[in-house]
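Chemist: Going down the list, the protein sequences come from chains A and B. Following this note's numbering, the numbering of the first sequence begins with 1 at its first residue and continues without gaps. Following this note's numbering, the numbering of the second sequence begins with 1 at its first residue and continues without gaps.
These aren't lab readings, by the way, just hints derived from the structure by calculation. All figures in this text were calculated on a predicted structure; none of them were measured in a lab. Hints are supplied without guarantee of correctness; some may be wrong.
Distance condition first, Cα-Cα at most 20 Å in a straight line; then the derived PhoX-like pairs of lysine-lysine [to be verified]:
1) A:Lys131 - A:Lys146
2) B:Lys205 - B:Lys171
3) A:Lys146 - A:Lys49
4) B:Lys171 - A:Lys49
5) B:Lys39 - B:Lys68
6) A:Lys49 - B:Lys205
Which residues of chain B face chain A? A few of them, derived with a C-beta cut under 7 Å, are [claimed, not checked]:
7) Gly139
8) Pro140
9) Val142
10) Ile143
11) Arg153
12) Val154
13) Leu197
14) Pro202
Over 12 Å on every C-beta distance to chain A, these chain B residues come out as not near it, computed from the model [unchecked claim]:
15) Met1
16) Gly69
17) Ala74
18) Asn167
Note that beta-carbon positions come from the ideal geometry of N, C-alpha and C, so glycine has one too.
In case you want the letters, here they are:
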Amino acid sequence: MSYPPQPTLPWSTAGQGPVTYDAYSLPVNDNVNPYAFSVELNGSYFLQKGKMVAYYGDISFQGVGHGALDRLLGQQFNSPLHASDWVVAQGRGKMVLADRAFDLNSYDLDQGNLTVRSGNLLAFEPTLALKQSIIPGFLTLLGTGKFVAASNGPVHFMEPPVRVDPQALVGWADCPAPCHHYDHHYMQGVLGGLRRLTGLGGASGEEHQFEFVGAGQVLLQSSEALMPERSVGQVDAEPGVPGGGLPQQGYQGGHQGGGQQLPNLQVPGLGNLGDLGRRFGL
Amino acid sequence: MAQFRLQGSRVLAVDLAGDAVKARNGSMVAYTGQMTFKKLSGGGDGLRGMVTRRLTGEQMTVMEVQGKGTCFFAAQATEINLVRLNGETLFVEADNLLCTEAGLRTGTTFTGLNGMASGDGLFTTKVEGSGWAAVTSNGPAVILRVSQGMPLRVDPGAYVAHTGNLNRSLKSGAGWTTLMGEGGGEAVQAEFTGEGLVYVQPSEKITFGGDV
Numbered sequence: 001m002s003y004p005p006q007p008t009l010p011w012s013t014a015g016q017g018p019v020t021y022d023a024y025s026l027p028v029n030d031n032v033n034p035y036a037f038s039v040e041l042n043g044s045y046f047l048q049k050g051k052m053v054a055y056y057g058d059i060s061f062q063g064v065g066h067g068a069l070d071r072l073l074g075q076q077f078n079s080p081l082h083a084s085d086w087v088v089a090q091g092r093g094k095m096v097l098a099d100r101a102f103d104l105n106s107y108d109l110d111q112g113n114l115t116v117r118s119g120n121l122l123a124f125e126p127t128l129a130l131k132q133s134i135i136p137g138f139l140t141l142l143g144t145g146k147f148v149a150a151s152n153g154p155v156h157f158m159e160p161p162v163r164v165d166p167q168a169l170v171g172w173a174d175c176p177a178p179c180h181h182y183d184h185h186y187m188q189g190v191l192g193g194l195r196r197l198t199g200l201g202g203a204s205g206e207e208h209q210f211e212f213v214g215a216g217q218v219l220l221q222s223s224e225a226l227m228p229e230r231s232v233g234q235v236d237a238e239p240g241v242p243g244g245g246l247p248q249q250g251y252q253g254g255h256q257g258g259g260q261q262l263p264n265l266q267v268p269g270l271g272n273l274g275d276l277g278r279r280f281g282l
Numbered sequence: 001m002a003q004f005r006l007q008g009s010r011v012l013a014v015d016l017a018g019d020a021v022k023a024r025n026g027s028m029v030a031y032t033g034q035m036t037f038k039k040l041s042g043g044g045d046g047l048r049g050m051v052t053r054r055l056t057g058e059q060m061t062v063m064e065v066q067g068k069g070t071c072f073f074a075a076q077a078t079e080i081n082l083v084r085l086n087g088e089t090l091f092v093e094a095d096n097l098l099c100t101e102a103g104l105r106t107g108t109t110f111t112g113l114n115g116m117a118s119g120d121g122l123f124t125t126k127v128e129g130s131g132w133a134a135v136t137s138n139g140p141a142v143i144l145r146v147s148q149g150m151p152l153r154v155d156p157g158a159y160v161a162h163t164g165n166l167n168r169s170l171k172s173g174a175g176w177t178t179l180m181g182e183g184g185g186e187a188v189q190a191e192f193t194g195e196g197l198v199y200v201q202p203s204e205k206i207t208f209g210g211d212v
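Input sequences plus hints: build the corresponding full structure.
Modeler: Here's what the structure looks like:
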């Protein structure tokens, strides 16, 4: 993992003029400023739809699913479920990427793996393979190469063991998947049970965390405002596949920054009463 | 002679010594010294400009700020880019123009169908003369140079402004796959050729061609 460059002010306020770039002076596969990333393209690159803001040279953009790209996709794009959100840029030139003025960082993977929230991943080199994580709403990148991810505020790296707020989590590298952690105290007693069933009262909003253990790194953004989720599609219903056959709108979908952190709220069809329903054999 | 400087990257500070600047109505956040604020009707281009702006939809409510001291301007925490004009022309969307020195002439110009398809409207604002202008952008603008043999293509939603002698034309990246919902996401692009600078913001406005 390489650490992202330190954000700097776009240009100094005194005297000298603003920095201008042309096709030669644009950085090669590096940040132009904390919010824009320049890619030197010679071949192909995967990017999320609509994230190109400008380019020099001869570049074409084709939707994933295009016939001519079948071979490339078969090798590197193993997540066909959300293919309509992705585009392949092909050609030669320099391309500037940006996403709603969010912070962008590039990361180098060296025979590694990194799992990232689907809405945060912006672009990646075709030497990496993209797969859908078994954790709903996350994507996993495998192999060697560079990718670009967006975050709301600069990214911080944490070493496990660590517990993180679900809304601040951007992704994790080289470490086992997170588990849910609920503060024990919160679940205790009659009041705890009532809270759990009704979601009423007493919650500080921080009772639920993601816990990471093992060796690796956890990536956090410096705000709790989630990036808009990208649908990762529907997994086929199959025994043993988490979330299989159900709409992929887990804890992170549809509750943008709403502080919705209570358990058992998202059982489809039963809503809040999921636990109760199971107890009574419904 | 008004002095333009940035206070941080999102606040514009203008030092005035009895002279005047034109700024977007309501964009003053603080001032020191003595200032008077006078609303200018019709973008401050006089009667003819007023009618043109009304007709073209490139509307701009502008005030004239005059006095002695320092006046601070900001617009919804957007980043501010200072542009120094030495007789060149700055083309900018009215929404992105924050402040100009009083000596600069502003007006509207026809961009043709290019503007319409990209959602920027048929007209754009033109700033001419010598002096400072402040342009806002969502995220710090990246300034890209266009020269002979080095054309630039820009997503219309990320375009903010340009200076110099540039031709703007609309290019379509759409093919038959776009109709089938498998487009490249960049169906409409603005191509700039000639000599000049293009200001591009690291974010995209919602435009007609944005999601195709």
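Chemist: Hints the structure violates: just list their numbers, smallest first.
Modeler: none
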